[in-house]
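For the record, the sequence lines run as chains A and B.
Counting with this note's numbering, you get residues 1 to 89 for the letters of the first sequence.
Counting with this note's numbering, you get residues 1 to 123 for the letters of the second sequence.
Among the hints, a few may not be true.
Pair ranges (Cβ atoms, derived) [said to hold, decoys possible]:
(1) Tyr84/B <-> Gln36/A: 24 to 30 angstroms
(2) Glu108/B <-> Glu10/A: 25 to 31 angstroms
(3) Gln9/A <-> Ala83/B: 25 to 31 angstroms
Simulated pairs of lysine-lysine, DSS-like, Cα-Cα distance not exceeding 30 angstroms [to be verified]:
(4) Lys98/B <-> Lys26/A
(5) Lys5/A <-> Lys98/B
(6) Lys46/A <-> Lys98/B
(7) Lys47/A <-> Lys98/B
Note that these hints are calculated values from the structure, not bench results.
Just so it is clear, the structure is predicted and the values come from calculations on it, not from any experiment.
Ideal Cβ placement from N, Cα and C applies to all residues, glycine included.
Each chain, letter by letter, is given below.
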Amino acid sequence: MTENKPNRQELLEWINVVSFAVDDVKLFLDTHPCNQEALEYFEEFKKQRVQALKEYAAYYGPLTLDTACTPAEYWCWINEPWPWQEGGC
Amino acid sequence: MPNYRYHTPDYMHRSGCGRPASAPQPSAPCSQPSASCSQPSMPCSQPAVPCAQPAAPCARPADMPVCCDGKYDELSGMPLAMAYVPWQEWQNIYEAEKGFHCGTIFEELNMPFNGIRMGGCCK
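The shape of chain B in the complex, shown without the other chains (with noise of 0.2 angstroms):
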């Protein structure tokens, strides 16, 4: 059975970090809505004909994607649907008990869940 990490881009391989370094830009920053629909004064206001709302807006640079809470996002540019995981290595492997009330014995996936306020995980 071939091995999927050998199919994959160069990037996914390196540890410590699934993301490229630079992400590719694409081709099209945003769509441009057609004419026969209004120009929306703000980014995330309605316009008053319904048409093709790009996800940020089209002013922004290209080297600085943004998503609509203005967030930085270093994934812009990256297929959608797609998943990324960085490689993970065998190592700080916990001792077998406490691996077992962790519910893994790898230190670096023990991360329990704190609710999104705060912060997503304990890491």
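Okay, chain A solo, but in the shape it has when bound (with noise of 0.2 angstroms):
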């Protein structure tokens, strides 16, 4: 698993990236809400988002909510950085 371990700073970046994808297209989306180009966009795009935080989640702990480990679990949200902290966002 270590082997395919991702760059940290890299994976962040990338959903910073694909984050900010889905927020722009769902305003566009809020005014076309027809359009089909923009659906796709938005559609393959949270697809990435969610991925990307899934894969974090694995690697480096749970950047949001969604991505918290299941309650059977210790609850590692503490574990990692906050941040603000070295090592953090």
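Once you've looked at the hints, go ahead and assemble the two chains, each given alone in its own frame, into the complex.
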């Protein structure tokens, strides 16, 4: 698993990129709800965002509550550095 | 939820331009000062007795509305306090990385502000 471990900073950058793309196309869709190309763009980048968040959570801990560990596990949220700490976001 | 696009005048839907081809002219091009106040000799000079000051001089042609600085105002005659935004099309989409660093995924909306002396935006 560690062999394919993604670079933390690069993965965070990618999460920022795809999250922004989803957010921006969301604004376009607010006024163009039937635009097929925009809908496809939204679906594609939403999928990539979810995938990137899951991958990050698997290696470095959850960034959002959506990818927080299951109740059966230890509450690992507190293990990772906070954004203002070294190694955080 | 109704789409506001379908409840707006036709000229707001045209691509490439959010302004009407010929702006409707106001029925009264400028307000007439009352007899109790003095007429200013120059359009921007202050009258001796304050009165309703038209935004533009009354002598201008009705088909050539002007702003105070003498520039032609394409929006003259349009209702005040209304905003007109051209309809955006899905085109010229940046790569996601470039969109993130530009603050928009739409090339047409990438307009960094360069200050009013530089023309407002870089476009």
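Results for each hint:
1. Tyr84/B <-> Gln36/A: 24 to 30 angstroms: 27 angstroms, holds
2. Glu108/B <-> Glu10/A: 25 to 31 angstroms: 30 angstroms, holds
3. Gln9/A <-> Ala83/B: 25 to 31 angstroms: Violated: the Cβ-Cβ distance is about 41 angstroms, outside 25 to 31 angstroms.
4. Lys98/B <-> Lys26/A: 17 angstroms, holds
5. Lys5/A <-> Lys98/B: Holds: Lys5/A and Lys98/B sit about 25 angstroms apart, inside 30 angstroms.
6. Lys46/A <-> Lys98/B: Roughly 17 angstroms separates the two Cα atoms, so the pair holds.
7. Lys47/A <-> Lys98/B: Holds. Lys47/A to Lys98/B sits at ~19 angstroms (cutoff 30 angstroms).
Hint violations for this structure: number 3 only, all remaining hints satisfied.
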